[in-house]
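Engineer: Spelled out, the chains give:
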Amino acid sequence: MSLAAEAFVSQIAAAEPWPENAALYQPLKDDQILLSDHASSLAVQAYLRMCNLPVQVACRANAEYMSPSGKVPFIHIGNQVVSELGPIVQFIKAKGHSLSDGLGEVQKAEMKAYMELVNNMLLTAELYIQWCDENTAKEITRPRFSSPYTWPLNHVLAYQKQWEVRRKMKAIGWAGKTLDQVYEDVSQCCQALSQRLGTQPYFFNKQPTELDALVFGHLFTILTTQLTSDELGEKVKNYSNLLSFCRRIEQNYFEDHDKDSITSSTSRLSKGSSLM
Amino acid sequence: MRKKMSAPLELYCWKGEWGLPSVDSDCLTVLAYAKFAGAPLKVHKIANPWRSPTGSLPALKTSEDGSLSQPHKIIIHLRKQKYNADYDLSAKEGADTLAFISLLEEKLLPALIYAFWVDSKNYVEVTRRWYAENIPFPLNFYLPTRMHSHALDRLRLVRGDSGLEPGDEAEKELYRDAYECMTLLSQRLGTQKFFFGDFPSSLDAYVFGQLAPLLKVKLPNCKLQQHLKSLDNLCHYCSHILDLYFQNEASDGPARKAPTPREDGSDFDNEPHKRRNQFLSVLVALGAMVGYAFLTGIVSIQRSDPHNALHGRRAPQLAGDEVDDEDGE
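Chains as they are written, first to last, in the working numbering: chain A, 1 to 276; chain B, 1 to 329.
In isolation and in its complexed conformation, chain A is listed as follows (with noise of 0.2 angstroms):
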């Protein structure tokens, strides 16, 4: 959004209530979605219900081309719709709903910079791995993505992404990498998170802020995700203060407010039915 643009909006924004019908809308949940896609979606929701804002989540196949930015996911609130977390967290404090309004600047600092942090690493670690790794991509990742789609369409679209995300490696200088060096660097991304983390309940003592939203948005997903291999998720079970995080988070947000919640599709995970 232009700067005016977004100046109208937050003004705007700041007038009006949190309406009863917001709504989020993703890919489909059980065919479509894919790893990075639902991590993003799953801390966007994890951050609705810490500030405590009642969301519905809509499922629909063309959730990416209706999205203003292109990425997935993003909230209808009364005539303004917002995608990704960035801006939503924006869009939210101007109506008046901020978590990290108690911290100081230098944890400021830290909370943009370790989410930063997780987009770089875990984010693009996880795109590489859905669209790079040949096998990860011609199992899962391509027959996901295009599962709405009849053919020709279908196969259109998956390669056209495919070639998007793998021109993107190249421009940030991944492309050079082996999966092996991928895990190694989710592994040092989660090493990171877990020193910070320490053995605090949330990154900021007490309570829970973006940065935790973001951090179980990607981990929960990395480990309720099948795919071709166990190692991504493996990375992640080493931490073990991460797993407590993840947990934790699951009980307070999720668990104690309406069962048509991730615990219903993580059941539906375990089962065997990949989501990738």
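Just so you know, the hints here were simulated from the structure itself, not pulled from any lab data.
No experiment lies behind these values; they were computed from the predicted model shown.
Glycine is no exception: its CB is placed at the ideal position from the N, C-alpha and C atoms.
Worth double-checking, as some hints may not be accurate.
Restricting the straight-line Cα-Cα distance to at most 30 angstroms, the calculated cross-link-like pairs of lysine-lysine (DSBU-like) are [stated by the list, open to error]:
1. A:Lys235 / B:Lys92
2. A:Lys177 / B:Lys42
3. B:Lys45 / B:Lys172
4. A:Lys108 / B:Lys92
Far from chain A, by Cβ distances over 10 angstroms, these chain B residues were calculated [said to hold, decoys possible]:
5. Ala132
6. Arg188
7. His236
8. Ser239
Could you slot chain B onto chain A? The hints should help.
Structural biologist: Structure of chain B alone, referenced to chain A:
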């Protein structure tokens, strides 16, 4: 304990300008890290990336492991050789390092690429000119444009294909992220000498690598530079590192700056002998045209016989005919 190296490590990097040891961010990062960790490197400052062992700069030539290209890999290799500037960091500080490096790459680097390569005034007057003047012939016709399209591609892909003309909207968003990033860095640095106390670490190398060109290179169109200059502690930080670790390079600065004031204010590429070249080219064109005219007979000069010209009334008529000949066919 330092491991004995059989041959010194050789580093190939872009040469320096404007008081910097190198003009390229990645090269600066690697050079700074090597100085911080005390790694003995033989540095080759070149302006031709095709002469480097990997085809791109910076490149580290090692005796056993071949050649390495990206700054990240080079630093890991140096660390393996026990040249580790992060030795004294705690686990949490190590985690913070990774996080802040990611912040730099996601928020500041795109804006820097934009400022140096996409913004048309900066690109034409500073970036392309420097590369065209310093890369040897004939690569200087080809490489700067290739680097330009590479930079554009990278920005476009990272920002998700939104139109990346040097227009205002993309620029404002990029710069806004960069301002925020620089402010965050400034807040994290506070009044300390380096990010983690009194001794520099790899994070300092990365931050220095990104900020130093922004601080030192004279860009005509740069709000980023102004914002950086408003953050005093970051400016002192960069100058401090330059003074402490790169003193001999800093003396190159003033000598090089002399040409630039003279050529300020012109809008197109500056060549040192523009007038002379223009005059010469006009002369050559004229000479070519006249020569062609004579060779093909469009114009011909016929010698009038001086003996005939002196005789009586018929002479003028002849002279008249001859004059016609000269003018005509």
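Engineer: Can you confirm whether the C-alpha distance between A:Lys108 and B:Lys92 stays at or below 30 angstroms?
Structural biologist: Holds, at roughly 16 angstroms.
Engineer: Between A:Lys177 and B:Lys42, is the straight-line Cα distance small enough, at 30 angstroms or below?
Structural biologist: holds, 28 angstroms
Engineer: Is B:Arg188 truly not at the interface, in the sense that its beta carbon sits beyond 10 angstroms from all beta carbons of chain A?
Structural biologist: With a cut-off of 10 angstroms, B:Arg188 comes too close to chain A, as the shortest Cβ separation is near 5 angstroms.
Engineer: Just to be careful, I want the Cα atoms of A:Lys235 and B:Lys92 compared with a cutoff of 30 angstroms; is the pair within it?
Structural biologist: Given that 30 angstroms is the threshold and the Cα spacing comes to 19 angstroms, the pair holds.
Engineer: Beyond 10 angstroms on every Cβ pair: is that true for B:His236 relative to chain A?
Structural biologist: holds, 19 angstroms
Engineer: Compute the least Cβ-Cβ separation between B:Ala132 and chain A, then decide whether it is above 10 angstroms.
Structural biologist: holds, 24 angstroms
Engineer: With d taken as the least Cβ-Cβ distance between B:Ser239 and chain A, does d exceed 10 angstroms?
Structural biologist: About 22 angstroms separates B:Ser239 from the closest Cβ of chain A, which puts it past 10 angstroms; holds.
Engineer: Verify the proposed pairing of B:Lys45 with B:Lys172, using a straight-line Cα cut of 30 angstroms.
Structural biologist: The hint is violated at about 35 angstroms.
Hints 3, 6 from the list above are not met by this structure, while the remaining hints are.
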